[in-house]
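Work out the full structure, taking the sequences as your base and the hints as a guide.
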Amino acid sequence: MSVIKDRRLPIREKRDGAIIAYAGQLAALHAEAGEGRLVPRIRTFAQDTRSDLQVAAELLSTIRDLAIVVHGPAGCFSSLRVAEHAVVTGLTERDSILGGDKKLRASIHQVIAQHRPGAVAVVCTPVAAINNDDADAVVAELRDEYGLPIVFIRTDAFKSKLSNNGADLVAHALLRETSIARKSAERQPGIVLISTRESEEDIDTLSKLLATIGVTAFTFPRYSRADNWAKVPTVSASLAIDPSDADFVGHALFDEFEIPYVSVGLPIGLRGTSQWLTGLARVLGKTTQAEELVASKQEVLDTIRSNFSRHKGAQIYVSAPPDIAFSLVGLVEELGLGVSGLTLTYVDKRHETALAQLASKRGDLPVLVGEGQAFEEANLLRKVGANLYIGVDCPVSHVLRIGIPVLDLVGLPFYGYAGAERVAEAMLRRLENTALAQFLSEGTESYSDGWLAKSTHWFIKHEVK
Amino acid sequence: VIRSDHDRNGCALHGALRLLDSIESLVPILHASAGCSLGAWASEDSLALMPGGGGLRHRELSATLLQEKQVVFGGTSRLREQIKNTLKVVNGDVYAVVTGCVPEVIGDDVLAMVKEAREQTFPVVSLSAPGFSGNAWWGHAQAAKALVSQLVVQDSTQLNEDLTANLFGLVPGQDATWDGDLLELEALLALIGLKTNRLLGFGQTPGTWRNASRSHTSVVLSPWGRPAAEELRDRFGVPFIDFGWIPVGSKDAGLLLGKVASTLGLHTDIAEKAKHHLDNELRYYLKKASSALLSENVQKRISIVAGSAIAIGLSRFLSGTLGQLVEQVIITDEVEENSRVAILAALRAGGARLAEVTFTASRFDITALLRKTRSEVILGSALEADVADELSVPILEISTPMLTTACFRRSYASVRGATALTEDFLAVLARWEQHHRQDRRSNHLVQVKGQ
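Quick mapping for you: the protein sequence lines, in order, are chains E and A.
Going by the working numbering, the first residue of the first sequence is number 21, and it counts up by one from there.
Going by the working numbering, the first residue of the second sequence is number 757, and it counts up by one from there.
Errors might be hidden in some of the hints.
Unchecked claim - Calculated lysine-lysine pairs in the BS3-like style (CA-CA distance at most 25 angstroms, straight line): (1) 481/E / 1044/A; (2) 825/A / 474/E; (3) 403/E / 844/A; (4) 825/A / 34/E; (5) 1044/A / 1056/A; (6) 369/E / 825/A; (7) 481/E / 840/A; (8) 844/A / 481/E; (9) 474/E / 840/A; (10) 179/E / 1056/A; (11) 179/E / 403/E; (12) 369/E / 474/E.
Source of the hints: derived by calculation from the structure; they are not laboratory data.
In this text, all values refer to a predicted model and were calculated from it rather than measured experimentally.
This is the structure:
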């Protein structure tokens, strides 16, 4: 049965056996995954990281005609401060005892009156979740009153240890809306590009790439429009950008509406993009057009590789969500560079194949699993070293303090051929001039010598249920 | 009261965390659910603030990351574990446990855990800062008071040999220029021979706080500095001067020196001489700007949207020295009723006699006020950028949250700050004029080509 029918979505730890803590060699992690027993571990020392609430709020803020109500204390709203169509219920201590239903109702009325949105999403916070406010009843009642999609996103910041569970919760709530909005079972041309974290510029790059093989696409749930949700169940196929997040949506669309789901790797790096494009063209029967484009990129790759010739042997540390990280390793290798270590924000059973492929070449590669745990990276980086650290929206000052330059891809489009060229250029610039990292490394370290001398896995323990 | 669009002031936890982050060698330990600290840095993190712009940045902050198990069964043992391990992992002189909403709701006995750590001679203090208890300004004020109460020690009550003043009331994360302003005020007070305990910023440590009781006085620069200054007075007898705002320009800088000198019984000549020097210094630099200010019609009707301390300072300088027409001041830090009379008096006395003054943090209300007044220039935050755009007027970012301004040690305080403000003000107007000239030129070309 499709998860779309279920009112509540189980967390990723339960759905996919996701783990958030590991430190050791890649081969051992692969062995766990291969035997289907990724071991849930916990940290007895941890550092703050984003929760499902922030991921959900950020994703929702990209939907143009959607108004957002954050149901919680005012501070939970900080990630949305400049989002145009967002308000917070502003729960106080009194509300945390007596409940905040009235404030929720008033805020929904207010946001609809002020912004006339196409839909409203209510994002739940820890205080509201613990209160056990009957937000469902308020949402259902106002939904009827306004005849408007009003969805309740069940984020709480404590049920799942994975922040990306927030993207799943948003996708799940909006998929239920597409099912409600569906007007006809008739298939329309065009595909839906499943996006939860990509930048607008990356989406633009990929849309243009798809257009070169005659495919038109629109995105969901990121950058979608509420008045477009009815189109989702009618598309001829759904396509993953990052399967780590897209698999859930793609499989749900197939289970519910029998929409074929296409997942052909990530369009990261020149080879990765070519494989994505040719894989996609093969599935959609447009091989010739793709082959011409792919062939034309070989020369580009040769030129970029020659630019890196004076940095041959440079070691790169990669820190990113799992599928993006595996693809970045591919990009690093196609540039003729090496990988000294890897941080994956989490790992689940779906990554077994990718882990196997990488482990067959680099079983000894040091791997950390965790999001935002800079203290462990500081420890590991001192042991394995690196000429450059590539991360995606992660802490970086601990890396600079060691004297390693950083490339954070959060502000840099990195998908498609254009993205690969941009990343290569940015890597080259950082390798050319490491002065900032060198200067910062001459300061003091905030972690104790005792910790830096310990094994990286020191604070990772088996979870006692 | 629905605070639904009060989106600029964060929560008490953010104020407390930013205070702790501004003291070197003081290590915060956050006892809360995941992600609670991230908003604390949102006020200056432009990437975080852009919708769809990548989310909030992580910081290296020790945290218990409470999970469902702890929400149900309590999080004290997790906190005990985190305190113990933070001492092993992170270098610091003092460790401060800060509690967010969840432990307060579930009733964790945080004090027992902190007591236990202290009994083992670990230097641990605790601050209760649930987000639902107030905004970041309030959280800062309560946290500063708690630090005075827990860090300042009785055996350091011997006064410093040099005359020394503590500074209270500038709020990291909320006052955009707090760091630079504290440094400028330190330099200002040095003109009359005072040393300064800035307490926050570069080189300020728990040791600086411990020694706050050895100062001869404290200077309070906003209502948010008063609880800590009062605590210091009540417990250790350090008197305080409730100045109430950030002095921008030579007049207010001189006023502050006069008050401090008089409180400490210094010879009047010292303050007068310093005032004279400040006036001369500002006049020297304003002469460089005079052609722009006087001959290019740079006398604007201005609206200011900011927290009380900087709003008063800017308003008094722009109006009282620079001759600008400050017609609207919107005070956004949600000050209590009993502080409003003094704020109004400071604004009226400083030259902004006719300015309309409103106390609100609501973006919706502020937008409506700005639309109604239609000032020629807005001094405010990134939240006013849209309405400035709509009204087609320039905006200078002087308050948080900021989207287009990097603010590390920028200052608008004293003479150097006032000079920097004048430079920024003229630059914004010049860029605006240039932008419009280009627009007019391209419109003209379109028309010519159309003919």
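Where does the structure disagree with the numbered hints, that is, which hint numbers, in rising order?
-> 1, 2, 10, 11 and 12
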